[in-house]
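Engineer: So you can see what is in the structure, the chains are spelled out below.
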Amino acid sequence: MGRFVLRRLLQSVVVLLGVTLVVFLLLQLVPGDPVRVSLGTRFDQQTYDALRERSGLDRPLVVQYLSYVGNALTGDLGVSFRSGQPVTTIVLERLPATLSLAVTAVLLALLVAFPLGVLSAVRSGSLVDHAARVFSQFGVSVPDFWMGIMGILLFAGVLGWLPPSGYVALTDDPVGWASHVALPAAAVGLVTASILTRFIRSSVLEVLAEDYVRTAEAKGLRPRVVVVRHVLRNALIPVVTVVGVQLASLVGGVIVIEVLFAWPGVGRLTYDAVQARDYPVLQGAVLFVATLFLLMNLLVDVLYARLDARITLR
Amino acid sequence: MTRSKIVAAALVVALTALAGCSAGESVDVDGGSTAGGSTGGTLTAAIGGEPDQLDPHKTSAYYSFQVLENVYDTLVEPDADLKMGPALATKWTTSSDQLTWTFTLREGARFSDGSPLTAQDVVYSYRRIIDEKLNAAYKFATVKTVTAPDPATVVVTLTAPTPNLLANLGGFKGVAIVQKANVESGAIKTRPMGSGPFTVASYTSGDTIKLTRNDAYWGPKPKLDGVTFTFVKDPTVALQNLRGGEAQWTDNLPPQQVPTLKEDGAVTVATTPSTDYWYLALNEARKPYDDVNVRRAVAFALDREAITKAAKFGQATANQTAIPKGSSWYYEYAPYRHDPDQARQLLGGAGVSSRTMDLMVTSEYPETVTAAQVIAAQLKDVGITVKIRTLDFAQWLDEQGKGNFDAFLLGWLGNIDPDEFYYAQHRTGGTFNFHKYSNPTVDTLLDQARTQTDEAARKQTYERAAKQIVDDASYIYLYNPDVVQGWSRKVTGYQVRSDRAIRFRDVALNR
Chain S
1 MGRFVLRRLL QSVVVLLGVT LVVFLLLQLV PGDPVRVSLG TRFDQQTYDA
51 LRERSGLDRP LVVQYLSYVG NALTGDLGVS FRSGQPVTTI VLERLPATLS
101 LAVTAVLLAL LVAFPLGVLS AVRSGSLVDH AARVFSQFGV SVPDFWMGIM
151 GILLFAGVLG WLPPSGYVAL TDDPVGWASH VALPAAAVGL VTASILTRFI
201 RSSVLEVLAE DYVRTAEAKG LRPRVVVVRH VLRNALIPVV TVVGVQLASL
251 VGGVIVIEVL FAWPGVGRLT YDAVQARDYP VLQGAVLFVA TLFLLMNLLV
301 DVLYARLDAR ITLR
Chain A
1 MTRSKIVAAA LVVALTALAG CSAGESVDVD GGSTAGGSTG GTLTAAIGGE
51 PDQLDPHKTS AYYSFQVLEN VYDTLVEPDA DLKMGPALAT KWTTSSDQLT
101 WTFTLREGAR FSDGSPLTAQ DVVYSYRRII DEKLNAAYKF ATVKTVTAPD
151 PATVVVTLTA PTPNLLANLG GFKGVAIVQK ANVESGAIKT RPMGSGPFTV
201 ASYTSGDTIK LTRNDAYWGP KPKLDGVTFT FVKDPTVALQ NLRGGEAQWT
251 DNLPPQQVPT LKEDGAVTVA TTPSTDYWYL ALNEARKPYD DVNVRRAVAF
301 ALDREAITKA AKFGQATANQ TAIPKGSSWY YEYAPYRHDP DQARQLLGGA
351 GVSSRTMDLM VTSEYPETVT AAQVIAAQLK DVGITVKIRT LDFAQWLDEQ
401 GKGNFDAFLL GWLGNIDPDE FYYAQHRTGG TFNFHKYSNP TVDTLLDQAR
451 TQTDEAARKQ TYERAAKQIV DDASYIYLYN PDVVQGWSRK VTGYQVRSDR
501 AIRFRDVALN R
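As they're listed, the protein sequences go chains S and A. At position 202 of the first sequence (counting the first as 1) the number is 202 in UniProt numbering, and the numbers step up by one without a gap. At position 110 of the second sequence (counting the first as 1) the number is 110 in UniProt numbering, and the numbers step up by one without a gap.
Mixed in with the good hints, there may be bad ones.
For each label pair, taking beta carbons as the anchor points, the in silico distance ranges come out as [to be verified]:
| # | chain 1 | residue 1 | chain 2 | residue 2 | range |
| --- | --- | --- | --- | --- | --- |
| 1 | A | 266 | S | 46 | 27 to 37 Å |
| 2 | S | 150 | A | 265 | 43 to 53 Å |
| 3 | A | 369 | S | 133 | 32 to 42 Å |
| 4 | S | 46 | A | 221 | 56 to 66 Å |
| 5 | A | 221 | S | 55 | 37 to 47 Å |
| 6 | A | 115 | S | 150 | 46 to 56 Å |
Hints in this document: simulated from the structure, not taken from any laboratory. Note that beta-carbon positions come from the ideal geometry of N, C-alpha and C, so glycine has one too.
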């Protein structure tokens with residue numbers, strides 16, 4: 001397994017190089033000039049030229065790209081056009097907020113989706129099943145930012161139970177953190193829960209139709225034992241993949257919710273970087289998310305082997 | 001106790017704590033007890049976005065200046081009526097040829113680390129802007145030299161008389177006096193060192209900027225212990241923060257709710273006419289907009305009151321010139337009544353019967369998007385079909401720079417001197433003359449007014465220029481918006497300013 005992990009890590013470096021190239025080229029195609037945005041509306045031509053030179057944007061594209069990759073290989077992702085701060089620092093600063101939101105959202109989602117999905121598969125066609133399907137239809141149809149605004153108006157506005165926005169670090173004040181994370185995590189988690197409910201339901205249904213389940217039932221095992229010991233173990237495998245991908249994409253992409261709730265995470269950083277055409281930060285953020293996806297996929301593959309004896313890693 | 005029981009007990013405690021601290025009472029504004037027994041409290045201000053950086057000479061973002069207004073000083077500064085008055089300089093004299101200005105610095109001015117602020121710091125700050133060609137360099141266009149003959153005296157010599165020099169040297173914190181060591185260490189980007197009433201204590205990227213009182217401040221001691229800025233982009237959420245007591249001040253209120261907020265009285269909402277103006281510009285490098293009659297036709301086709309209502313929900317005043325009523329430079333002139341017949345007649349005379357117009361607006365300023373829809377409906381009435389193009393600001397600026405537009409909507413914010421209202425926008429070849437307007441008469445007037453030292457004569461020259469600009473429909477002026485800000489009833493001593501400078505130095509928090 002060690003060799004498998006090592007080989008996958010090496011492959012990842014190649015993939016990441018590809019990612020930097022694609023992102024770099026895409027950024028060249030996006031209209032909008034970072035120098036102009038940085039200067040706003042009032043400036044003269046000399047000021048424009050001077051800042052363009054200071055940002056290194058006057059150099060040929062090939063030189064810009066090669067020096068970026070060269071520096072990136074040594075761990076230096078450049079400095080932000082906007083703030084002049086090192087990109088690595090900026091992205092890492094935003095990590096705790098984003099991770100805590102993403103993990104809480106996925107945990108909340110699992111808490112809802114797991115029992116709901118299993119129950120609605122086992123009792124397929126029952127009232128519970130119908131309710132679960134209505135719930136997941138609702139969750140995937142309603143945009144998360146709308147859920148967020150409704151949540152703010154209800155829980156912060158009318159009831160006054162929770163703060164409407166902002167962030168407190170978990171390490172500073174766990175209770176403050178919990179009260180701040182509740183609304184955004186619920187808004188994001190609802191969508192994730194809906195996706196997972198549907199997925200778990202169909203995955204469990206599929207396994208329920210397998211021959212070995214019929215055998216287990218035939219040899220007289222109680223239904224509960226059949227579900228826990230035979231069905232869940234097999235149905236979980238594809239679920240792990242989906243949860244992993246969901247988690248990774250939440251870390252990289254809860255942009256709208258982070259902006260709405262003034263949550264200082266990577267998504268909000270990406271949003272601001274796009275607005276300002278802050279190429280180094282944007283590249284850094286994308287690179288970070290891509291790395292996370294690769295690691296998450298690797299982790300999922302390793303987990304597969306643990307969950308399913310039929311799979312070996314080579 | 002079994003493990004699961006411990007977990008359950010912990011959960012119950014956590015939930016109880018949660019419910020207890022959030023039963024609807026407002027959050028303690030003290031931000032934790034402050035050491036030293038000071039009781040001024042900390043005010044939380046929710047602003048609409050995050051500063052890009054805190055170097056006053058390198059940022060152009062209003063969000064940065066909202067913070068920096070409370071951290072830095074300029075040589076002179078605008079008072080409530082936007083008249084330039086003393087700040088770091090207590091007095092100044094002008095030579096008879098108007099080419100040499102001598103400023104005397106305030107005794108005892110210090111940076112917040114306690115080090116003295118001297119004439120050398122002023123020279124350093126201005127040379128930095130000029131030599132490194134930073135954002136405000138254009139404000140020093142006529143400055144020849146800046147010298148410090150002694151630690152309390154700054155001498156500025158000019159290449160031409162510059163009656164608006166004071167506005168250039170103090171109109172906003174983009175020309176603030178910075179500390180050399182702070183610049184050279186690079187700390188200025190996140191921990192700027194100023195001489196103003198507050199100093200930056202911490203900056204958490206994406207989250208908050210915390211200011212604490214600067215005890216070395218030369219002016220009256222600020223009553224607040226500190227100010228915390230949070231960045232809340234969504235106006236609905238900002239309002240919830242204000243209502244719930246998480247913030248005590250915001251300028252990010254949903255415009256459609258301002259009238260009801262003013263009435264219900266739970267929070268204080270105040271408005272004042274700003275010095276900003278919003279306008280429609282037609283590209284005179286493109287046919288048929290090079291024809292003054294076509295531009296005048298568009299000006300006659302617009303119903304400014306309707307546009308103002310739609311775009312600003314009544315929090316603006318329609319105006320056909322740039323400078324708002326209430327300014328000492330205001331010039332009353334309104335030749336365009338809403339008259340579609342007149343517009344059609346002018347278009348017919350110019351040989352334009354039906355026509356498509358590309359109108360560029362930006363999502364950065366949602367009011368332009370709303371205004372564009374009303375304008376489109378009004379122009380449709382005179383046979384012009386408007387195609388609205390909504391871009392993000394980066395792309396918008398790009399297109400503006402390249403001249404890729406028939407028309408665009410935007411505003412100029414925070415103007416003080418009439419030169420800022422007119423020169424770069426309407427002078428032939430002016431830096432912001434993106435719509436390529438050119439009229440030699442206007443050029444002569446604007447050049448002349450720039451160096452006129454007699455204020456009455458200068459005002460007259462600007463009025464003549466303004467009349468010509470309006471008659472030529474170089475810009476089709478629409479309205480001057482109000483500055484709208486809201487704060488908690490516990491806040492006293494705050495005043496809304498027409499230049500949108502946010503000053504917390506005289507504010508107190510009652511508890």
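Engineer: All hints are to be evaluated individually against the structure, with a verdict given for each.
Structural biologist: Results of checking the hints against the structure:
1. A:266 with S:46: 27 to 37 Å: violated (50 Å)
2. S:150 with A:265: 43 to 53 Å: Because 26 Å falls outside the window, the suggested range is violated.
3. A:369 with S:133: 32 to 42 Å: holds (39 Å)
4. S:46 with A:221: 56 to 66 Å: Cβ of residue 46 of chain S to Cβ of residue 221 of chain A: about 42 Å, so the range 56 to 66 Å is violated.
5. A:221 with S:55: 37 to 47 Å: holds (41 Å)
6. A:115 with S:150: 46 to 56 Å: 52 Å Cβ-Cβ, so the 46 to 56 Å window holds.
In summary, the numbered hints that this structure violates are 1, 2, 4.
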